[in-house]
Amino acid sequence: MFKPLIACIALATATLCASAVAQDYPSKPITIVVPFSPGGATDIMSRTLAERLNARLGKPVIVENKPGAGTMIASEYVAKAAPDGYTLLLAASSLGIAPALYDKVNYDPIKDFAPISQVASVVHVLSVHPSLPATNTSELIAWIKANPNIANYGSVGAGTSTHLEAELFNTMADTKMEHVPYKGSAPALIDLVGGNINVMFDAYASSKPFINDNKIRLLAVTTAKRSKLLPDVPTLAESGLPGYEAMPWLGLVAPANTPAPIVTLLHQELGEILQEPAVQDKFQSLGLEIIGSSPTEFAAFLQEDMAKWAKVVTESGAKAN
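For the sequence shown, my numbering assigns the number 95 to the initial residue and increments by one for each residue that follows.
Hint data in this document are derived by calculation from the structure and do not stem from the laboratory.
Quick caveat: nothing in here was measured; it's all calculated off a predicted structure.
Treat the hints loosely; a few may be bogus.
[Claimed, not checked] Here are the computed lysine-lysine pairs in the BS3-like style, where the Cα-Cα straight-line distance is at most 30 Å:
{"#": "1", "residue 1": "Lys-122", "residue 2": "Lys-174"}
{"#": "2", "residue 1": "Lys-160", "residue 2": "Lys-174"}
{"#": "3", "residue 1": "Lys-302", "residue 2": "Lys-277"}
{"#": "4", "residue 1": "Lys-277", "residue 2": "Lys-413"}
{"#": "5", "residue 1": "Lys-322", "residue 2": "Lys-413"}
{"#": "6", "residue 1": "Lys-413", "residue 2": "Lys-402"}
{"#": "7", "residue 1": "Lys-277", "residue 2": "Lys-402"}
{"#": "8", "residue 1": "Lys-402", "residue 2": "Lys-319"}
{"#": "9", "residue 1": "Lys-160", "residue 2": "Lys-277"}
{"#": "10", "residue 1": "Lys-239", "residue 2": "Lys-122"}
{"#": "11", "residue 1": "Lys-198", "residue 2": "Lys-405"}
{"#": "12", "residue 1": "Lys-122", "residue 2": "Lys-198"}
{"#": "13", "residue 1": "Lys-302", "residue 2": "Lys-239"}
{"#": "14", "residue 1": "Lys-402", "residue 2": "Lys-270"}
{"#": "15", "residue 1": "Lys-198", "residue 2": "Lys-302"}
{"#": "16", "residue 1": "Lys-277", "residue 2": "Lys-122"}
{"#": "17", "residue 1": "Lys-302", "residue 2": "Lys-402"}
Just need the whole structure built from these sequences, with the hints factored in.
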């Protein structure tokens, strides 16, 4: 008789506390933790969101960069933060990739985070050094098979989406390229331009200056459909690798057990921000396509994305280092 009563009182107390917290939120600065170094497209996007959230919520929103370990440093930091809405993670595709690729991951992408919204997809492209006799995906596959001893690809780091995109390519095309991981796009692109590596999957925003200067050759986009930002560039699927699809994404998450009213408020504010023309123009200039989704939709997508990349890791034998 007393146990149900105690349980009801506890539930009511927790609900009232959560409601009170949400009503006072925010009462202090909010931090968005970014798992990449300053200066890149993701960092700039995060600062754009922080500026607009600051204006709408009336409290400072700070961007804190915590790069490293395939984004696991930042992810673990936020997973263990207080679930009060004051520490958020700008999550990337690697959030769900890491558990399949690393032996030890100190967080669960599903259980340890409260999804707020997918924010954008990152337009990724397949590029090669101009010396390669390949102008499309089919020709690249033929070259790799004819040159297995020298074929390699650079990534922006082990465990990142650029790493797994290339491994998905290897698996589907039945090719073998050596993985050369770097610490970010800049050093990898320098080596691609210099001919030290010959293939690379990367964000279009990072590769664009080198593509425009004809220092690297753009072959295709990684998405299932052509990008609105590059309507004349074919997909890998239509240029030689049917069925290929990779859509790197960015989204905002909070620690698990963050009060639902806070998650709802942040989702609503973010949705309004993503509708602003100035924000849309900024995202486009960064090579990003706005998504926007409900917390429930984001959670379902994350589970599907994790399953996809876990399969790629298993089939390819990809390693984190």
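Would you check the hint for Lys-239 and Lys-122, treating anything up to 30 Å between C-alpha atoms as holding? 57 Å, violated
Verify the proposed pairing of Lys-122 with Lys-174, using a straight-line Cα cut of 30 Å. 19 Å, holds
Against the 30 Å threshold, does the CA-CA distance of Lys-402 and Lys-319 hold or violate the hint? The hint holds at about 18 Å.
Mind checking the alpha carbons of Lys-302 and Lys-239 for me, to see if they're no more than 30 Å apart? 28 Å, holds
For the pair supplied as a hint, Lys-122 and Lys-198, confirm whether the alpha-carbon distance does not exceed 30 Å. 34 Å, violated
Are the Cα positions of Lys-402 and Lys-270 separated by 30 Å at most? Holds: Lys-402 and Lys-270 sit about 20 Å apart, inside 30 Å.
Given pair status - Lys-405, Lys-198, alpha carbons within 30 Å: 18 Å, holds
Lys-277 and Lys-413 were given as a pair; does the straight-line alpha-carbon distance stay at or below 30 Å? Holds, because 16 Å separates the two Cα atoms, which is no more than 30 Å.
Between the alpha carbons of Lys-413 and Lys-402, is the straight-line distance 30 Å or under? Holds - the C-alpha atoms of Lys-402 and Lys-413 are around 16 Å apart, at most 30 Å.
Holds or violated: Lys-160 with Lys-174, Cα cutoff 30 Å? 14 Å, holds
Just to be careful, I want the Cα atoms of Lys-160 and Lys-277 compared with a cutoff of 30 Å; is the pair within it? Holds, because 13 Å separates the two Cα atoms, which is no more than 30 Å.
For the pair supplied as a hint, Lys-322 and Lys-413, is the alpha-carbon distance within the 30 Å limit? Not OK: Lys-322 and Lys-413 at ~33 Å, beyond 30 Å, violated.
Taken one by one, the earlier hints fail for this structure at numbers 5, 10, 12, 15, 16, listed in ascending order.
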